[in-house]
Each structure stands twice: as structure tokens, then as C-alpha cells.
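What follows is the residue order along each chain.
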Amino acid sequence: MADLSALPGGQSPWQSAARFGLYTLLLIFAAYYILPLIVVLSTSLKDLDEIRNGTLLSLPTEINFDAWGYAWNEACIGVSCTGLKPYFWNSVAMTIPAVLISTLLGALTGYALTKFKFKGANLIFAMILFGCFIPFQVVLLPMAQSLGYLRIANTVPGLVLVHIVYGLPFTVLFFRNYYVNIPDDLIKAATIDGAGFFMIFWRIMLPLSPPIIVVTIIWQFTQIWNDFLFGASFTTGGGQPVTVALNNLVNTTTGVKRYNVDMAAALITAAPTLVVYVLAGRYFVRGLTAGSVKG
Amino acid sequence: MTQKSIPAPKPLSDWFRRNVAKLVVAPTFGLIIFFVYGFIAWTGYVSFTKSKMLPTYSFEGFYQYIRLWKMTPWNVAMENLLVFGSLFIVIAIVLGCLLAIALDQKVRAEGALRTVYLYPMAISFIITGTAWKWILNPGLGIQKLVQSWGWESFSFDWLINSEMAVYTLVIAAVWQSSGFVMALFLAALRGVDSEIIKAAYLDGASLSRIYLVIILPTLRPVFLSCFFILTHMAVKSFDLVVALTGGGPGYSTIMPANFMYEMTFRRNQIGLGAASAMMMLATVMAIVIPYLYSELREKKNG
Amino acid sequence: MASLSIQNVKKSYGAIEVLKGIDLDLEDGEFLVLLGPSGCGKSTLLNMIAGLDTITDGEILIDQNVVNDVHPKDRDIAMVFQSYALYPNMSVARNIGFGLEMRKVTKEEREKRVEEAARMLQIDHLSDRKPAQLSGGQRQRVAMGRALVRDPEIFLFDEPLSNLDAKLRVEMRTEIKKLHQRLGTTMVYVTHDQIEAMTLASRIAILRAGEVQQFASPQEVYEKPANMYVAGFVGSPPMNFVPAAVVSEDGKLGVSIERTANGNRSSVFLALPDDRQDIGDWVGRDVVLGIRPETLTHRSDAEISLNKGLQAFDCQVEVLEPTGADTLTYIELGGREVIARVNPYNTTAPGETMAFMVDMGKASLFDPKTELRI
Amino acid sequence: MASLSIQNVKKSYGAIEVLKGIDLDLEDGEFLVLLGPSGCGKSTLLNMIAGLDTITDGEILIDQNVVNDVHPKDRDIAMVFQSYALYPNMSVARNIGFGLEMRKVTKEEREKRVEEAARMLQIDHLSDRKPAQLSGGQRQRVAMGRALVRDPEIFLFDEPLSNLDAKLRVEMRTEIKKLHQRLGTTMVYVTHDQIEAMTLASRIAILRAGEVQQFASPQEVYEKPANMYVAGFVGSPPMNFVPAAVVSEDGKLGVSIERTANGNRSSVFLALPDDRQDIGDWVGRDVVLGIRPETLTHRSDAEISLNKGLQAFDCQVEVLEPTGADTLTYIELGGREVIARVNPYNTTAPGETMAFMVDMGKASLFDPKTELRI
Amino acid sequence: EPTAEVLHYWTSGSEAKAVKALKEDFEANGGKWVDAPVAGGGGDAQAAVLRSRVLSGNPPAAVQIKGLSIQEWAEADALGDLTKLGEEEGWDNVLPPLLQDIVKHDGKYVAVPVNIHRVDWIWANPESLAKVGGEPPRTWEEFNVLADKLQAAGITPLAHGGQPWQDGTVFETVVLGMGGAEFFNKAFVEKDPATLKSDTMKKVFDQMRKMRGYVDADFSGRDWNLATSMVMRGEAAMQIMGDWAKGEFLAAGKVPGKDFLCVPTPSKGGYILNSDSFAMFNVTSDDDKAGQQLLARLILGEKFQETFNLYKGSIPARMGVSTEKFDECAVKSMVDLQSASESGALVGSMAHEIAAAGAVRGAILDVVTEHFNSDMTSDVAVERLAEAVELAE
Ligand SMILES: Nc1ncnc2c1ncn2[C@@H]1O[C@H](COP(=O)(O)OP(=O)(O)OP(=O)(O)O)[C@@H](O)[C@H]1O
Ligand SMILES: Nc1ncnc2c1ncn2[C@@H]1O[C@H](COP(=O)(O)OP(=O)(O)OP(=O)(O)O)[C@@H](O)[C@H]1O
Ligand SMILES: [Mg+2]
Ligand SMILES: [Mg+2]
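Chains as they are written, first to last, in the numbering used here: chain A, 292 to 586; chain B, 968 to 1269; chain C, 8 to 381; chain D, 8 to 381; chain E, 7 to 399.
Rather than coming from a laboratory, the hints here were simulated on the basis of the structure.
There could be a bad hint or two in this list.
[Unchecked claim] Using 20 Å as the maximum straight-line C-alpha spacing, the simulated EDC-like pairs for lysine to aspartate or glutamate come out as follows:
| hint | chain 1 | residue 1 | chain 2 | residue 2 |
| --- | --- | --- | --- | --- |
| 1 | E | K264 | E | E348 |
| 2 | C | K315 | C | D366 |
| 3 | D | K259 | D | E230 |
| 4 | D | K184 | C | E339 |
| 5 | D | K174 | C | E66 |
| 6 | C | K174 | D | E230 |
[To be verified] Sample of chain A residues facing chain E (criterion: CB under 10 Å; computed from the structure):
| hint | residue |
| --- | --- |
| 7 | S371 |
| 8 | Q428 |
| 9 | G449 |
| 10 | G528 |
| 11 | A536 |
Predicted, not measured: the structure shown is a model, and the values here were computed from it.
C-beta: ideal position from N, C-alpha, C; glycine also.
Please work from the sequences and hints to get the whole structure.
In C-alpha cells, the structure reads:
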């Protein structure tokens, strides 16, 4: 948008005051957003005595990474004291295929629904979209039964399937809204050039999709990585994702709470998604600009 | 130039070519039909039974629904959804929009600020819930901090006040989602035709006028998108309650999803849980179906 | 090269009939321009020829073969789109060669042909660029190259110049013209710009709301427009329409035009050339006289003496619009604003009276009711 | 109404100098057209006049007042944008009245003036529609209405017609012309379409890469282009440039042009009119002869006898491009492709030889090195 | 190879150690242990997992569930039969009758108990009591007097965490104390509306209202162990909590009788019992079946009973385990259990799902916690209680 301060007659004292107010506002909200992270981070760096005696908002007097090492390598989850490490890799193994498959299926479906419109395509899209709104608690029981019938209950493929299914409405939505804005002429040109459905998808549509692929992958990655409910319900023991392990570690029913370990574990669990957002956040906004939002 | 002959159509590959789009959509659609609509149907059926520990399948009519609406916790949950939902949606939209506008003023360090606003979206409430619990806890967090600065009478005890606790949910939920709303608005603001703004300057409108009267109204679709994204989050909010208040004090902050979960899994009342799930779905449908309808209408024309 | 035949082709979207039975026949090597306003169904027809849209009724034949059910890629056509539809992710060379690649042409062969096409269009130095790095004119050339390299039976163009600026448009128009002269391939070209149609076409089909108004050579369309719609659509500035009555004066057939000059009503008589005696039965009836601006100009006695059709009269000048080569002069005739194309050296200031002449040999007469040419 | 003076105005974006010292002076009520190719800085200059962009160096004066630091809204100017920039959420009436609303004009007054402007532009029946429900031409009118209703000192237009189709463009051009004639307000109009510039301007400033090439009346720009760039930019088809040498033959000054007709080299001599004796020192040196297509046409002895400047020669025809009113005929002169504008009735088939005449009184001569007019 | 997948929610601290002991024992006896912990909310999350596993036809071999849930799962035909093993091992002779009722369905053993927790404890800080010259209370009146004194002295009388199950824990001790065992059972086991609406129940709620006053401002949502540490630090004087709280004191190096006191909540020799148990689900493979047998045998073995309960802070489920290694609180618990059992003052915990199953317990807690967190009158509370219990079934 046009830059107000660049206008002639725009550099009045009023303007500088407004500018000051603007920055104040931005910083106050930055504090609001960053506060919980700071609390978690500083707690994870304190030792237990300091936590018992100080306030939560006080900064650690001495930086201490013991809790991190303990949470990663040693903390007991149930009877096995392996730390979060194995569970972390479980999550990786589950998230990557689920994200990739749901993104690919979403892209294909979005493409078919926009560029090869057939009768009822809109209705099908609407029906798929409605899936976004189904609360996951509702599907736990029938899903358990279905996974049992499919003989993939309590397995990683089972969990991957669940995440693909409930991620699809979002990925289809993203891709469809993006592809709607890609000119039909491109498809026509490629058709005349002799490319078929999959060739066009592979050679024309996918190379045009990086912005929306970034948005979709970030979204799906966050959703799936952070999922607790499905992970807890459809896996047990050593196959559990890291969020469930974190919960097991943090939610003590009896015993002494080691807050620094809890917080370190929480940060370890959150690290991948945090890193993704910090590194790719810019592409996220750019991708949203590129078409997943109307208007 | 040589004469090239035009090949005759081949029936099989032609059939495939004509139907390939449908074939590609079929797996996705099939999955959705089964795992969304099939499950809704299953839940719908179970809500008409007296299932307890495990689902049973003998039809019992509206028994569970009648029971459901007689239960105080359910009514509280629906009320909470209304209060929490409307506050959460309104505040997140207003705040997200405000931040987007502020960030759109060519500010320095925009990238860093944007990341700070956006990151809560990345973290599950299972994780940050604890932090918020501490921050909002009068004896540990902000209240204690401010009091230790010398303002002894300062009080911020919403978390433990059954009248106010629901608002702490709003604070934390807004914290998590408003950055996303900000990103949506920012994306849309970046797409506004700069000539329109120039025209408005020439027409003598001030910056605030330009935003209020000209830009924001053109962002109507973004408002709608945000509204529905936030609605879906509000209806689905579960983790938030579990992590922050555990539904308490009492059950003053329980949400329909928590109620459903509690009934189904803790109290072995699958039928009742299914009935509450159907009520949630009905609520969602009442909001979403008009949206989907208008969305597709618009797409067709534009 | 191929002939193209469109036989009673119809297209409906749901209840809306977009094309209402189109009949067109084209020989090998012809250049057909489909001309019409926005929304008249030009693109729809072109898409149907390409096979990108199904045909509701009727038949399309390429080289005497019905192609209604042939897949676009098997029709051996190439198409240039208004938006160019270049593949944004591919380099120029890749864009041009994509059609060959899909047809499994060997790499060497492909490269040879791409280079050839690129050189022909003078874009060989751009081979490695992406479309986003090209100017409008360059993109247009790439789009043409993509069509060219395939050496198809028929070229289709959908308003290929409308995204270019005025200057480039003229240049590219000439290039397309030359291309056609060189290749001799059958071409179908869609536009709503009549000047493009006139300069390029060997035959023009003028469409209006899904119906062909006239299908003829540019010259015929220009000089003998089938109806007032065509007459008004072709030519810029458009043909002047003046209400008139056919009269016979001193034994000569002609038209009489009412005028209101400075509050005084008067009439002008313009004699028709002798070869228009066919309209004898129209005497005493109202007609619409169609005069092209370039046939209405400042009086030149030298020319009048040479051309029998030229008729002179005086008139007050209202507005002047210089275009450089000519000055458009607005006068009032029969209650209508009428444009005359005058040499800049012969103009008068607005408000003054000037001597005009009109070439009645090139005038058209229309029936005011049916709007058809008489 | 106001005068406008632009004095040595410069603009840089970072290290890039986009405008390199522009000087323009405009009287009350003039119609200035800024003409130039894409990216030459036209919009930048217009934005600076409007106050939408800061001035790096130099001064802009409106009515003798320096406005460099005056806020856009206080400059009393109105602007019509290329994209129209209508407020999408407001009705037509509200769009037009918004500027008045911001200036706290009372509701009655506002409604009166909006209605007046709408009626003037014939969009009064559309008052309640939203911009999205309007056609291109209607939107354009609303954008004009928005400017009009404010009754500003200066109107600015940034390519207001470039989004319209050919036909509408011509219509709207005439309307803007009439508007200026009626209001008499000072107007500044940006375009890259030379025909718009020619028809509308009282003065044209031709820009190229941030520099003014010529600042003069349309007639002067057309007939006496300051350099080859201007000559090539104005006029469609553009001026023909032919390499030639100034010679003195039989005591008459003229230019000699080399030709290669059917493999035989020969030369054509074209005498210059007597009033061009000023170029005596150029004898024996190379020049570029500039001939506008309309001054190069089929031979007409009647005219040659009347106009001393007309010189005749024969030439082989290469390509024909009929445009309806005229046929563009391509011939080869001095190794260049040259366009002649010929009456359709006097054309010959390509490949045949035809008799031409050229009006040397209207020819321009350029220095091949500096490209400046001699 | 006997295999057992064990689904439990003992995920950390002393519990995890206790489970680990079982695992090691199991493995030492040639079994293969598949650990399936699901922490959170006293089994909330586990409940969902178990449901999913059963519905998907793939239940874990042993699941930590308790009280009436065992009966419900047994009714749903989801549990296996351990009767043969029970006969071989003579469980009828070593298990207290109340526990036998819990783990038997239709006279068949379907689960094995691992421990006995006493719920009705007051954990007190002797220093704080000394400051006001108070003695541990023997009646609720004494409790109130003491609490008032403590409050006057600026000490929070009652350390409490505002979570429904903690509210329920306090509530049931008051019910037992004011109404006695018969009243307790009539209300919670028989769900007798008249009892639920009785004046005694109103008095109970009056007492709860008083207790609310004894709690500090920040109690809401607090975890119980945080409340325990308040007592340890002397910020609060007493906490009403089951004997798992002892683990916290011990972990902090406190000595029973010296640094902290354990006294039963005021009642006439009553005892509220909570017991964890492992239910054996229907499994198909022989390995799993063998694993279940082995596990059941080990759990009720004397050795395990001792180690496990030393870690966990509870007392053995089977009788006749040597008291030698147990601390004074545990010994007191054993003695009181014996006498309560004989006098008929032994009841199962409502808050911990021994006396009442999920739905009823939940409904009761709903009302209790709402009353505790609002200014609802006792009259309204009893009405609501009766109504909620009726609706729950
Ligand atoms: N898929 C469709 N469904 C319904 N109507 C359509 C569809 N495609 C085109 N039309 C309608 O068919 C008519 C002709 O469209 P077409 O695109 O052929 O026009 P056109 O002559 O190419 O116009 P333009 O010059 O604007 O490109 C229009 O009125 C249009 O609204
Ligand atoms: N904000 C900016 N930063 C850097 N360069 C700019 C900026 N705005 C314009 N330019 C450059 O200034 C030059 C002139 O731009 P301007 O928009 O005035 O061209 P124009 O003559 O209006 O072209 P067009 O006909 O395409 O509208 C261009 O080369 C453009 O790239
Ligand atoms: Mg079209
Ligand atoms: Mg511009």
C-alpha cells in the first residue's frame, strides 16, 4: 500500500507521534505473543530450587541445559527411561508420509476439481470441505472400529491414514482456491500441445504450486505434529508420537514435578514446528497472498 | 507440406481421458464419504441408542437428547461455546486486522514481528497451556508480579473465578489464532490496488478514513474466511480447555467437545456423547452450510 | 494445410444457446477472421474447432474428416491464446518445444526445430529466459513460436494482440500477415478489432450473439456490408448513418436529407450513380444512407471532375479532431452527427462553413426496418 | 482552471534516475498529453504533479505557487486512473460523491452535484450499482465523474482508456475531448497511444527514458518531429525512414536514394521544394529521409500538377494490407521496407510495378548520427 | 513366551518406579512386557485409548482400571477369566472381601488388585499446628475451630487443588464423617434419592461451604502435589488427600511423625478405600494368555505386593504381608483397615470410582464442584445432587 510518510506534507510532528504510537502498539503485542515462550524457555533453563523459590516470570540466574539433556535422553516415560528421543523419531516417521500424501492427494483433487470440471464438482468440493469442521473427538470410536476392520489398528500406517483423511479437506481447500486462479488457457495450451491429465499436472501445475505447497505443508505439518488425540488413541507404547510421550512425561499423577524437565521436553516437542514457522513463515504469508485466500 | 491424417478416436483410452478427473477425485471423495459422512451417520445412529460402555444398536428414540438438554453441564457448555466463541472470533478478527494494518505501514523489522505474531499457531496448546496457566495464576503469574512491583491491590484472578474463567480461555485462544488472522489480512492488504488508495488521498480522505471506509469493506471475503476458520477452531476447542482450566473452576469452562469426551470416555455414556456430538455438528452446520453455499456461488460467478 | 468446414454448429451452456447454428467453409490456406463484440461466442467457436469444448450440435470437419470426437492433441492444430498461456516455469526454448516433447520428437530434431522457429521470430537470443522476464511483444512471439514449431494443419489465434500496446499491435499484425504469406497454412483468427480483421483476413465472418452476420472477403464486408450492424462494426471511425428519403429529381434518382442549419430547415439532394437505378421501387420511401468518413471529405473540383459519383454540398463544421494524417471533422446531417475525413490542410475552424463532397458511388443504402442492405 | 509549471523536476528511486530534469510550462485551460513508451516515467511525473510521490529535485508550480510540499488533497486536482480505482464497496453515486463528502460538502449540495455530473456522463441511471456490476466503459465514466464533480483546477488522467476495447476507446476519446472543450479546465493526460495524443492534446510532451524529446503542438510534433525517435513514435503506420544522400542535380537540391530492384542497383532522385534550400551544406552527405505513409501514395497527375512538392517514381509492390479505407502498400526504398498509403481502388497485385508519388514538401530530413531533425 | 501389553497411567515418579518393579519381576520370570503408558487426568486419556483398542478388536492384555469400571467391562464381555488361577493361588483366602467384590464378576475373577489406598487422610504440618496450639481434629467441629484459629494466625488452613476429583475427595470424607458408612453407601452405592436430599447431606454441603472458606485464593486448577508442597513449606496447615501424598513428603526427605503428620479425617473409625487393579482383557493368542496368568500371579505375590506398595505409598492388597518395612502411616492404615472392616465402617471411595461408576461419580462431582465454586445454597445443592444422579444412569 502507499506509504503515507512519503507523501508531500506528510512529515508533521503529528506523523512522528503516530509513528511512535504505532511502534508502541506493535511492541506491546509482541510482548503478549512472546511471553509464554519466554516463560517456558526460562523455566527450562533453571534448576528446580530456583523454580520453587522464584517467580515464574523471573529470568534464570544461571543458564543450565541439564533439563534439556535429561528430557531428550533420560526422562522416564512409563517404565522406559529413554527420554523423548525415540518418540520424536516416531513423530517424524508418522508426520512425513502423512504430510506428503495428503498434500499430493489434495493437489491432485484440487486440480481435478478446478481444471477438469465435471458435473457436480462443486458439490463434491463442498462435501469435502465440510470435513474441516468435524470435531475429532466425534470420530474416535468409529475410527477405532474401522481401523480394527482394516487390521491397521495400533500401527503407524493406521495413524498415517487417519491424519491423511482429516487433513484432506484442508489440503483440497488450499489447492483448489489456488488453482482456481491459474488461467484455464494454460491447460488448454498444454492439451493442444499433447499433454494429458497427469502430464499437465506434473509438468505445468506442480511447478507453479510452490507457494501453496509451502502453505499446505506448513499447515499439515503443524496439525499432524501437534496432534495428541489420535496419537494417544490409536497407538500404544513405543510407537507413540512425541506429543503423547510429552503428555506422559508431564502429567504426573503421583510423584515430584520437575518443571524444568517438563518445559524442556515441551520445547523439544515444539521445536520442529517452531523452526518451520520461523524459517518458512515468510513464505507462508506469501503463499497466502498467492491465492489461498479469496479477496 | 505433407498430408497428415487424423487418427480415429480410440474408445477405451477416450473413455479414460474423459473420466480421468473423476477417477482422480474418487479416492479422496471416497475417503471423505466414509470417514466423515459414514462416521457422522454412525454417530447419529448411536445417539438414538442407550449405548453405554460400548456401542449397542437398539433404537431408543430421543431418550439421550432429552437427557442431554436436562443436564446442567451441557447447558453450561453450550453457553460457554456461545460466550467464548463470539468473544474469541470478534477479538481475534479485530486484533488480527489491527496488527495487519499496523504491520502494513512499512514498519521496520516487519519480518521479525510477523514471526513473533505468527508462531503461536505452530505450537500445540498441550504445550503452551501450562505456560498460560502459570501466567494467569494469581499466585504465580502476572498478579504476583505486579504486586511484587508494589501495586499491592492489583488483582487479576480470572483463572480461578468461575464467572471470569471463560475469559481466560479467550485470552489464550486469541493469543494462539490472531497471528494467523493477521497473516490472512496482511496477505489481502498487500493485494489492494494501490491506485485505489491514491484515489482516496486525492479525494481528501485521511489514512484512518481510507482504511475504515475503503479498504476494510473490500476485504469482506477475508473477514468471511477468518470468521469460518475461527468458528471451526472455536467449535473444536478441546485442548485449550484441558490444558488451561481443565474445565474448571467447577465445570464453569467446559466446552461441548470436552463434555462429549467426558461423557463418552470417562462416564461410559456413549449414547449421550453421541447425542452431544450431533448437537455440535448441527451447530456447525447451521453456520457452515450457508457459507459453503455462498462460497461456491461466488466462485461460479467470479 | 487443411480445409475447415463448420456445419450448422450449435453450442449451449445449459439453457443458454451461445452459438445458434454456424456455417462456415474454408479452403486450404485461407485466413479466416472471426470478428465480433465481446461475448458473441468467438472464443467458444474457436475452442470447439480446437476440440477444447464439446459440440452441442452440428459437425466440424478438418480436411473432410468429422473431428467432433477427436481429441485436441490428435487434430493437428496449434493455438495462440490471448493471454499467451506460456508455461511460466519453463524457459522460452522449453515452452516452444513442449508440444514436440509431448509428441516424442527426438531431442536433436526438437532442438533444431525450436531454434529454427525462434530464429524466424527473432527470439533466438531469449531462449533461456523465463516468460516473466519477457516484454509483452516477446511473449507474444514465444506463443507464436510454440504454435509454429509444431507445423500444424491449422493455426488458431484467440485475440493474440489485444494485450499489446498500440504500436506493437501494428507491428505484430504485420508479422502475422507475413507469416501467413510465407507458410500458407490455414488460419482462424479471433478478434474484436475490425482493423485487424480487415488487414489480415482472406475472409471475415462477423458474429453477433452467436449468429453469423456476414461471411465474405474484407473488401466486400467493407464496401457492401450486409446490414447496418456490419457496416457500423467495420471501419474506424464507423460508417455514418443518415436518415434520408429516396427521391427522383430531374429524372435522376437520389436521396434527400433534411437539415436544420442555424434554425432553418432545408434539404440536401445527393444524386446516386447510374448503376444504382435498381432501387427505383424505393422512391418516396425512407432509407438510411451509409457514408464512410473517408468518402466524405473537403471539396476538390479536380476530383469531382474525374469521378461521377462525387456530390458536393456545404456544411457548418462543429468539432475538429486532428489525427495527424487526417483531421476528423464533425458536421450535422439529417439530425445526426456525421464524421468527415479531411486533409489537415483543408480544415476550417469550428463554427465556420466548409465545402464538402461525398462519393455516392461508395455509399450504402439500408432498409430502416430490417437494417438490411438494399 | 490553473496554469502548471514543471521546472527541472527530477526523480530518483535509490540510485536509478527515473526522471532526468523535466521542464514543462502550461497555460490555463491547456490539454497536455504526456506521450511515451512503457516505463519512460509518465506515471511517475503525473503522480508527482498530484502529490502522490515526492519530488527529488526541481519545482512544480500550480498557478504560480510552488506545491512541492502541499498534500495531495490540498492541491485541488482530480485524477482518473488507468485501473479506474473505483471504490468497490460503494455505489456509483457514493463513488462520485466521496471526494465531496471528505471535503464536508453538505448532503444536498453533494447530491445535486453528483447528479449533475452523472447526467453529464450519461450514467445517472446507474447511481445505485456497485462498480463490479458495470461494464468497462461505464466504469470509466464513473471514474471521470469522480474527477468531474470536484470541479478541480487541474485534471490528471493516467492512461484512462487503455483498458477499453478498440471501439469504446475511440468513443471515450471523443467524449474526453468534448469535456475539455466544455469545461476548459487544464488537463494533463498520460498515454502511450499516439493517436490519443494527437486527437486530444493542445500540447504534447514526448518522453523517453525520463527526458522530454519534444514539447509542442500535435501538428508540430507530427510535421516537424524534433528527432527520429519522435517521428517514429507518432503516426500510424509510423514514418518511413530511408537512407539517402543530399545531392544537387540540375541545380535543384534533392535526395538520392539507392535501390536494388530485381538485382539491379539504381537510384531515385527526389527534388526538395524550394523552401528547403537551407540544407545546402549537406550536399554530398548522408541523411535519413523521413516520409509519412500518407504522403507516399499512388501517382495522380491531377494532384502533381497542383502541388509542386509532389515527386513521382515507380516501384515494385511487395505486400498489401487493406484496412478498408486505405490499403497499406509495402515497397522497398533504400534497402528499407517502406509503407505507402494507397486508395484501395489504385492498388496493384504484389510483385507488380506501380507508379507512386511522394510529397517532399512534407518530408523530414534527419542527421543519421544525432538523429536530430535538419 | 508369555507376553503382556500393559496399559496403565502410572507414568512417573513413585508410580513409575512401582510399575518398573513389576516389569522387572515379570521379565525375570520369562515374560515379555509391552509397556503402554497413557498419562493424564487420572486415566482420562487412558479411557479413550482403551475404548479404541477394544473397539478395534485388539485390546491390551492387562489394563489398569478399577472399581465399578471393572464390572462394566465385564458386563460388556470384554474381560477374561482368572478363576482357575485364583483357585490355585488361593486368592479367596488372602484378599479382603471388599476387594474380592471389586475384582470378581459373577463370582469369577476378572481382575487382580495391586494395592489399597486410604483416601481419608489429613496430612498436616506439625509446626503450623503448634503455632496455634492446635491438635489434629477428631471431629468436623474441631476441624472448623482449628481452621479458624489457623486462619486468624495467617496460615491457610486447608491446602487444596480445585479439580473435581479433589473436591470430590474432600466431599466424601465429609460425607463419611458426618453421615457414617451406612449413609455413605446409601447415598453413593444405592443412590437413594431420599438420602441424597436428606438433612444430613445438607449439613455436608454446609461443611463444604465452610471448607471453601479455608482454602487460599489460588486453589483453582492446582495440582494436588502443589497443594502438598504448600503443607510441606508451612504455607498451609493441612491437606485432605489419599496416601499417595505421602510419596511427596518422602521424596522431599520429610520424616513421618516429625516433619508431617498423618491423621484420618474425622469419622467414627471409618476408612475410605481406593484400590488400583489390573483387569485382564479377552485376548486370543496363547502368548498373551500365558502373559496374563503370569502377570496376575506375580501381582498378587507377596514379594511384589511389598515392593510395589513401598514405592507407591499404599498398603498391600493381600493380607498377611509383613509390616516390617512400612512406615508408621502405612501401618496405621493397615490397622485401621482391619478394624473398619470388622466394624462395618469400611467404604469404597466414590471420588476414586470404587463405590460409584463413571457416570454417577461424574454427576456427583459436577454438583460438588459447582457448589464449591459458587455460592449455591445447600438446599439447592442436594436437589441438584439427586437430580444429577438420577439423570446419570
Ligand atoms: N462455461 C460457460 N458457461 C456458461 N456460459 C458461458 C461459458 N463460457 C462462455 N459462456 C458464455 O458464452 C458467451 C460467449 O462466450 P465467448 O467466450 O465465446 O465470447 P467471446 O466472443 O470470445 O468474447 P470475448 O471477446 O470477451 O472473449 C458469453 O455470453 C459467455 O457468457
Ligand atoms: N517505487 C519504485 N521503485 C523503483 N523504481 C520504480 C518505482 N516506481 C516506478 N519505478 C520505475 O520508474 C520507471 C518509470 O515508471 P512509470 O510507472 O512512471 O512508467 P510509465 O511511463 O508510467 O509506464 P507505463 O506506461 O508502463 O505505465 C520504470 O522504469 C519503473 O520501473
Ligand atoms: Mg474470447
Ligand atoms: Mg504508468
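task = Go through the numbered hints given earlier and state which of them the structure violates, listing their numbers in rising order.
result = 1, 3 and 5
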